[in-house]
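Given next are the chains, with one letter for each unit.
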Amino acid sequence: MSATQNKVRSALDASQPGYSLPGAFYNDEDVFTADIEAIFYKEWLFVGPECEIPNAGDYVTLTVHNAPIIVLRDNEGKIRAFHNSCRHRGSRLCDKSRGHTGRLVCPYHQWTYELTGELVSTRFMGDDFDAEKFPLQPVHVTSVEGLLYICLAETPPDIEKFRDSITPYIRPHDPRRTKIVFESVIEEDANWKLVIENNRECYHCAGNHPELLVSLVEMALPDDARFGDEFRIMEEKGKQWDDLGLPHKPVDGGSEFRCIRLPFREGAVSMTLDGKPASKKLLGDLTEQDLGSVRAFRIPNNWHHFLSEMTIHFRVLPLGPNKTQVRTTWCVHEDAIEGWDYDIEHLSRVWVETNDQDRRLAEENQRGTRSPAYKSGPYSEVSEFMILNFLDWYRGTLEDWLGGPTKRLEAAE
Amino acid sequence: MSATQNKVRSALDASQPGYSLPGAFYNDEDVFTADIEAIFYKEWLFVGPECEIPNAGDYVTLTVHNAPIIVLRDNEGKIRAFHNSCRHRGSRLCDKSRGHTGRLVCPYHQWTYELTGELVSTRFMGDDFDAEKFPLQPVHVTSVEGLLYICLAETPPDIEKFRDSITPYIRPHDPRRTKIVFESVIEEDANWKLVIENNRECYHCAGNHPELLVSLVEMALPDDARFGDEFRIMEEKGKQWDDLGLPHKPVDGGSEFRCIRLPFREGAVSMTLDGKPASKKLLGDLTEQDLGSVRAFRIPNNWHHFLSEMTIHFRVLPLGPNKTQVRTTWCVHEDAIEGWDYDIEHLSRVWVETNDQDRRLAEENQRGTRSPAYKSGPYSEVSEFMILNFLDWYRGTLEDWLGGPTKRLEAAE
Amino acid sequence: MSATQNKVRSALDASQPGYSLPGAFYNDEDVFTADIEAIFYKEWLFVGPECEIPNAGDYVTLTVHNAPIIVLRDNEGKIRAFHNSCRHRGSRLCDKSRGHTGRLVCPYHQWTYELTGELVSTRFMGDDFDAEKFPLQPVHVTSVEGLLYICLAETPPDIEKFRDSITPYIRPHDPRRTKIVFESVIEEDANWKLVIENNRECYHCAGNHPELLVSLVEMALPDDARFGDEFRIMEEKGKQWDDLGLPHKPVDGGSEFRCIRLPFREGAVSMTLDGKPASKKLLGDLTEQDLGSVRAFRIPNNWHHFLSEMTIHFRVLPLGPNKTQVRTTWCVHEDAIEGWDYDIEHLSRVWVETNDQDRRLAEENQRGTRSPAYKSGPYSEVSEFMILNFLDWYRGTLEDWLGGPTKRLEAAE
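Chains as they are written, first to last, in our numbering: chain A, 1 to 413; chain V, 1 to 413; chain G, 1 to 413.
Treat the hints with caution; some may be incorrect.
Subject to a maximum C-alpha distance of 30 Å in a straight line, what follows is the list of computed DSSO-like cross-link-like pairs (lysine-lysine) [stated by the list, open to error]:
1. G:Lys7 with G:Lys78
2. A:Lys323 with V:Lys323
3. V:Lys375 with G:Lys42
4. G:Lys133 with G:Lys96
5. A:Lys323 with G:Lys7
6. V:Lys281 with V:Lys78
7. A:Lys133 with G:Lys96
8. V:Lys375 with G:Lys133
9. A:Lys237 with A:Lys179
10. A:Lys323 with G:Lys375
11. V:Lys323 with A:Lys375
12. A:Lys281 with A:Lys237
13. V:Lys96 with A:Lys375
14. A:Lys179 with A:Lys280
15. A:Lys96 with G:Lys323
16. A:Lys96 with G:Lys375
17. V:Lys249 with V:Lys239
Hints were generated in silico from the structure; no laboratory data involved.
Excised from the complex, chain A in its bound form:
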């Protein structure tokens, strides 16, 4: 067992169910290496909405830790993904975050690839050179009802249960017929798991997210009776959505994913500062404005809101043990007109502010876990159960990577 594996195993052995992770999980270089190998190079990762590459030759790029990736639509309309590294001397092929091209031409020596990855042109490589041996290296990619996912593993884990489960929820919002109208990319000085943990509970919302609370109900489950009025709203809305044929009950995705439709506060129909619609044009064939939002989370790196007139997509990528990138994209109907149907500031403000508040919270959390005095503390079972799910999945994944379960301490203190 390598030094990295030993470090991870002893960190796992020191962790307690129901309690926040030991500090090593948020700070240690070896644990970070394990996270990359066991999770980010193995799981399906969200890239962005498919509507970002509507036409043949459109591409987007991203970097998963050290791996530059390009995702594109080929001339047959098929979505493909490749390692963004030339087979000649390894140079990155595309340096832009998105673009359009007929072929992929390496800027270094102009080795040229078809959008299928086939190497079709080199110079000076001699008669013995067999270009067929040097195609771009493919990466698994799939569109789940308009959400692009890639997987860098040789054999990807199954994603069909996720697809089958969430499709009925998001298809009515027809994500493929949207367009990105705003994007934010921020860097947080915090471990990626603190960013995810922050997203997995709304226990912190009341004290930190005034803009979000215009619309958001701090309720995690439809039968959460902690909240009187809001519970009543859920009952009423549930009936309306049943009548419209829109599913809303929580999906059982185990610890892999979660999907649910939840109502907004009375009087609000969208995640805007005034609660009014972000866009006049409803998505897909929807006719009702007040559909709350379908909230979907999938390990390890993404969550989404599907509203009647807008979708918002969040992507988390680890940059280092203490640094994480969060990309957010806001989409409206592809035919919506800026200035008439929607206003960028009105549409984006709530989540721009909320993301910044969450960044600060995650960074302060990080600073505290760095302390030699930091001790794991207890999660609230009622308000933080989704973190517990996330950490169960996380610990199990590292244990599988190590080759089997480690000794677990009983919950103490």
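Since the structure of chain A is provided, determine the placement of chains V and G on it from the hints.
Coordinates of chains V and G only, in the frame set by chain A:
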């Protein structure tokens, strides 16, 4: 023995008494880890003057390597210190460098602590939750005649000899009845020991500190006959101070601390560019302007000047093997009035310039010790004996941490 | 064998002749350590043109990884080099990149050295102090026909073959009678070997260097028949240069160095945007404008262009596994007059642009080699043979450092 300990032991074995430390002590990550564990997480560290938190609810924060600490005055007027990390998920509680509060409320989920550290309010933690098990973790703290010191060790070393020895020297200056009127926080690209070594000798003063030399005599001991005129000043001043009942002879603090009252150059009464008083209002019940300065140094991280009308406090905190923070605070009588009694620029200029000159010197020293060709060189026994004391203490402390003395090379070359 | 050596050996074992190096060579900290120890602390390194220190007391400084070095001309006119670190406490002596001084005085405590390195003045060091034991530590230095080289090894490798071989090529350009008129220092986020590899082929020129291609012929050898017209130019020019007694055929420097005179494109006589002379004043005793350029490369860190009226010198220094400094100096005849004989913008533009283009290419190359999916790719034998030479030398040097050849994989794929 761990790899870190092996590295430290072999570095100690390579060091020679009377000679500057081998380069590893100024550059190596493992030695830095040892410095933190053996010294900064074990010794009493200067925080700042007590006058920074005069009232109940006042607090200051600092970070000792990775440990965020809060020091406050509780409602009974008692000074307390805690690890600045919430017992829920570890978030830092206070992100400001100083402030005033009735209770400590975690910004993340509003867990709320009394100023005594008691956890008094949470939400959604369930009936079984026992708040008494989750108080803030205390840190040892004491005020030595108005100078705040903390210790992160479970069992702190004795500080009473220091207290007993320096109290007679500084009590006449009554630090508790001062106020901070200026503060500077700088970062130096140098190991913390080079910053301390720089402070422990005035061999470098003549060539580097024109502003400081308006007042400062480059004399380290009262009987230092190297300097003719200045030696005469010491004799004269010593008699005057005896008459005033002000102690001035060097205190025997071993290698732990050092305290002495020394005169300024003829014609100067303060550390200002013109040698004139920094404040018209004298400290405590003092009636004489020309009292030179009480100079106190204490391992590992602080030194001070107590003048008749001003005190200046220096705090050193290591940020990394090659990065150190130096915080300087200037205090005058609590009733002194800006513009009438003192002028910030006049009061602070000499040490702002001197600190910056010392920063440059420490950084150049650092650059040279990084060289593979760097060899330990001989200290001047007459001008650098206080560095020798410091290094004796330093080596002894690391040896204790390692579990006993290491082989020492005889002084060679 | 140390962990570093094991890492280097397994990286060497994984490398294939004819293919780009495995990613570890461009990214790994241990390999970088080996590069420094086996190459940059052992080989002759280019410093700059001797004309930078024409007079007694002139000096230049540079830092080879962690080693600050000073190169100067002493009062006898002899060129000397020393470790730029005081023998007292190690402080760097000179912090400027170049200057003029009568003696070397440490800024810290004014220890003073003659330009011969002899320690001649200290203060307060006591009667027993023997200054003769503390001279500056010398570094090997030589001027190869006006090009300064240093070697940090105790016993430097032989440089006489290089001197003998290139002297006939560059002496007619008389580098000692030039002056530096422009300098650029850039940092590239790429391993130093990617910077060198980029220089060792012009396969990338057509697609990337429009300014350079005004003058440069993408021909690597005089008998390179790939290029019709240009091959004809070479034949014509060769005859003219034979008549002038100027050598031009490629020198056999093995993998240690390379020297050749090559013509420019028809119509161009210099590396300028318009192909016109960079300076009206010809170098040395030259009378012909159109002499192409003598191109000299020497492992591990330098290449040069000697034109009829200008010389350009490139120096590469590694700052980290992914960071490299490139210093370029442009020289003209020492008597040339700015504004009359030459214009800085006209003279420097082509290589300022080309350096920046090469920086971008090396950085993109670096980003690709960082990918876990990066695979070594095949070099073009016709266009990249000089890289193959460089890598043969590089691998051989690391093998010698490890104590003997490692197992080599056969070229595969």
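Hints, verified against the model:
1. Simply put, Lys7 (chain G) and Lys78 (chain G) have alpha-carbon atoms about 43 Å apart, too far for the 30 Å limit, and the pair is violated.
2. Our distance criterion of 30 Å between C-alpha atoms is met by Lys323 (chain A) and Lys323 (chain V), whose separation comes to about 21 Å.
3. For the suggested pair Lys375 (chain V) and Lys42 (chain G), the alpha carbons sit about 19 Å apart, so the restraint of at most 30 Å is met.
4. For the given pair, Lys133 (chain G) sits about 27 Å from Lys96 (chain G) by alpha-carbon distance, which is consistent with the 30 Å threshold.
5. Distance check on the hinted pair: Lys323 (chain A) and Lys7 (chain G) sit about 28 Å apart at the alpha-carbon level, within 30 Å; holds.
6. A distance of roughly 29 Å separates the Cα atoms of Lys281 (chain V) and Lys78 (chain V); the hinted pair therefore holds under the 30 Å criterion.
7. Distance restraint check for Lys133 (chain A) and Lys96 (chain G): the Cα-Cα separation of roughly 53 Å exceeds the 30 Å cut-off, and the hinted pair is therefore not satisfied.
8. With a CA separation close to 12 Å, the supplied pair Lys375 (chain V) and Lys133 (chain G) stays within the 30 Å bound.
9. A hinted pair counts as satisfied when its Cα atoms are at most 30 Å apart, and Lys237 (chain A) with Lys179 (chain A) qualifies at roughly 28 Å.
10. Restraint check: the Cα-Cα separation between Lys323 (chain A) and Lys375 (chain G) comes to about 28 Å, which is no more than 30 Å; the hinted pair holds.
11. The hinted pair formed by Lys323 (chain V) and Lys375 (chain A) meets the criterion: a straight-line CA distance of about 28 Å does not exceed 30 Å.
12. Restraint check for Lys281 (chain A) and Lys237 (chain A): satisfied, since their Cα atoms lie roughly 21 Å apart, inside the 30 Å limit.
13. Between Lys96 (chain V) and Lys375 (chain A) the alpha-carbon distance is near 22 Å, which keeps this suggested pair within the 30 Å criterion.
14. Using a Cα cut-off of 30 Å, the hinted pair Lys179 (chain A) and Lys280 (chain A) holds, with the two alpha carbons roughly 15 Å apart.
15. For a cut-off of 30 Å, the pair hint linking Lys96 (chain A) to Lys323 (chain G) stands: about 22 Å separates their Cα positions.
16. Under the criterion of a C-alpha separation no larger than 30 Å, the hint pairing Lys96 (chain A) with Lys375 (chain G) is consistent with the structure, at around 22 Å.
17. Restraint check: the Cα-Cα separation between Lys249 (chain V) and Lys239 (chain V) comes to about 11 Å, which is no more than 30 Å; the hinted pair holds.
Of the numbered hints stated above, those contradicted by the structure are hints 1 and 7, listed in ascending order.
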